[in-house]
Every structure is written in C-alpha cells, then in structure tokens.
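Using the sequences provided together with the hints, build the complete structure.
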Amino acid sequence: METGDGLLVRIVPAGPMKLKALAGLCTAARTHGNGTMEISARGNLQIRGLEPNTAPLLADRLVALGIDSGDGVPVLADPLPGDPSALIDANALATELRRVLAASRLVLAPKVSVIVDGGGRLHLDALTADIRVRAVSAADGPRLHVALGGDGATATPLGTVTPDEACDAVSCLLAVIAAHGPGARGADVLQSRGLAAFRNALQARIELEPPPPTRLPVAMVGTHSLEGDLYAVGIGLAFGHTQAHTLKALTEIARVHNALWAMPAPDRTLLLGPFQRTSVKTIRDEARRLDFAVVAADPRRRIVACPGAPSCGSGLIASRRLAAEIAEEAEFAGVGIALHVSGCAKGCAHPFPAPLTVIGTAKGAGLVRHSTARATPSHYVNEADVAAAVDAFSVCEPSDA
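My numbering puts the last residue of the sequence shown at 462; the count rises by one with no breaks.
Each hint should be verified, as a subset may be incorrect.
[Said to hold, decoys possible] With a Cα cut of at most 20 Å, we get these calculated SDA-like pairs of lysine to any residue:
1) 309 - 345
2) 424 - 444
3) 424 - 446
4) 79 - 335
If you are wondering where the hints come from, they were derived from the structure by calculation, not from laboratory data.
Set out below in structure tokens:
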C-alpha cells in the first residue's frame, strides 16, 4: 500500500509470534523501512516507509523469521493464547480455515474478512466482519454460532455448526458472497438476497438456534490471567504507533523475564506473555518508561489519530502530533472514544461518529461534533490552535496535574 512516507506493509497475525522473531522484525523495519511500526484497531501489524526495492527484502525477511504475513482472506482469531476461559482453540481453527480458503481460490473483495471467536475473555465483538463464528456452550460440547456482517451486536444470526463443520461452512458462505462479484460484501448480499441464499448454501449443516447474549466491552490493555498461574500483559501503542527500536527494547525486556510470545491485538494493543506474577509489575513499569500505555484509562487510549501529515499523502494536519499535545492536558469524561483527529476527510482511522472530530482541510483544522470526518465542519482553526479549540468545545477539561 502506498502512503506519503513510502510503502506500507500490513501483516495480519496468524497467531502469536516468537519474541525472537518480533525482535528480528523490528530490526528489519529499520533496515528496510523508516522504522515506524503500527498496530491497527483490528490488530494488524504494519511497517511503514518501505521503497519498491526494499519491500521484497522485507518479504524475504518475514519468511526467514517464520512470520506468516497473512496473505489471503483475513481471518482474525482470539488474541490471547492460553486463555483458560476459551471454549475452543480459536487460533488452531483459524489456521485450518486459512488453509481451506487458500485452496478454494475464491475471488473476494479485499476487505472481506472472517472472525473466529473462541468464546474467551478477550473477545472480538467490537470488530466487524463479513462472517463471524463464535464458540458457545452446548450439552454435547462447544458449537460455533455463525453470523453475517456487522459486529458482535449487529451481525445477522444464522445458527450453529459443530467445530468440525466450521471450515466447510465458512467456505460455503464465502462462495455465496464471491458469486456476486469481486466487489461484493456479506452485508450487501444479505440485503439483496436475504438469509435464504446463505442458509441454502449450508443445507443440513446449520442448526437454527438463537444468538448468544451480547458481552460487555473488554480492555485489551492490562493484565490477563493465563493457565498455570501465568499472566499476559497488554501494552497499548500510543495512537497505534511506535518506533522499531522502542518496540525491540520492550521485546528484549520481555525475553529477560522469560516471555515466549507476542500477539498484536485489536484496539492498537500488543499482548506479551507468559509471565510469572512477580514479573508483571516490572514489565508494566518498563513499558510505561518506553511511553507505552499500560492502563486502559490512559488519555491516549480515548483519542483516535491517523498518521496524518507528513506520513500520509492525503494528510493536511499532523494528526498524531496534535493528538499527543491534546492528551497531555486532557481528562475525558465517560468511556470509549472521545476524540478523533483525522488528517483529511476520509476518516480512515475511525469511520464512525465521535463526540468531537478534528479534520484536516484546506481551510485549516475543522471541528465537527457527534459525526464523522466526512461531515462539514462547523468551525475552522489554525493547526496551532487545535488543542485550545478542543478544550473550548468541552470534550475534555484541563488536567490538574
């Protein structure tokens, strides 16, 4: 993908990475890119600043490090290895599903995706997908509830299948989408053809059952218990990005404390583990020293900011720099996203409404309440005055600190 600072490589995690491999990837990001690494809202790992002649070198390095770049239909699975609350091994099922889909050679829209949710604590309800399967308890063992389009609350339920039938069922559903053209999405087909087209494709595999109950939102950042009195630590990347040397330093600290893996996770988070209880505080303290977010209440977690200028060719304001300035003085009320700083009107980082959105425009920084970056701003200010304008809009209050 081409951006303002060169090419961007996106890696869809196919499971936890060995820490040695992640350290090697950090080195490669500096050698072949500009050293900026990101984790997206969907948990994808991204490397920026590559050139046409260095991108193939990075691809070769990924192979040498044993990192699956996630080519093909994106299949997202539970981000927490060893989650004792999971009903199935979602990563194992996702791995098999990727193999089945690669063999099927279906031609699908680039953004078509599948979610495999093992029913564990760090669920994926906040993410949208064309097809989502979620493990649920049943009298004869776990089954997988299948739904189409939307997130965990808005997807249209189909019913349940057994774990053994899941890969075939998902492949059949994707074939229905593919039959409507290379640009079709699950929600589009559902709207035009209804549920019947999908249920007919599954035939006897699907059992009509009510959807599972909705779940409370989860915080990926924080400490999470694993099996055997071990723990994972979720570290937040400020506005989804860091420098390769900083991430490598964190990786090396985790290795000293006998951690084995790292897993990019949704909400711009990196999960590291497993740790003994005695190591958790040290890891959090070291991550804080390296300017990572270690608590969900960190003000930077309430702000979404795209790369903006100069990293993005479309960016008209320095989104992340402005977001950092605002976060230093901000105290946000409530929960969830409080502010979206978008380099342009596309709103790539957060296509949803926010209490306040700052938009880069030819007239300066535009401000919009309770809408998206595509809305027409009600006010315009100079880039230097954005922090004061945000305060004036009463989205945040100055901190006493």
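Right, here's what the structure says about each hint:
no.: 1; hint: 309 - 345; result: 15 Å, holds
no.: 2; hint: 424 - 444; result: 10 Å, holds
no.: 3; hint: 424 - 446; result: 13 Å, holds
no.: 4; hint: 79 - 335; result: 12 Å, holds
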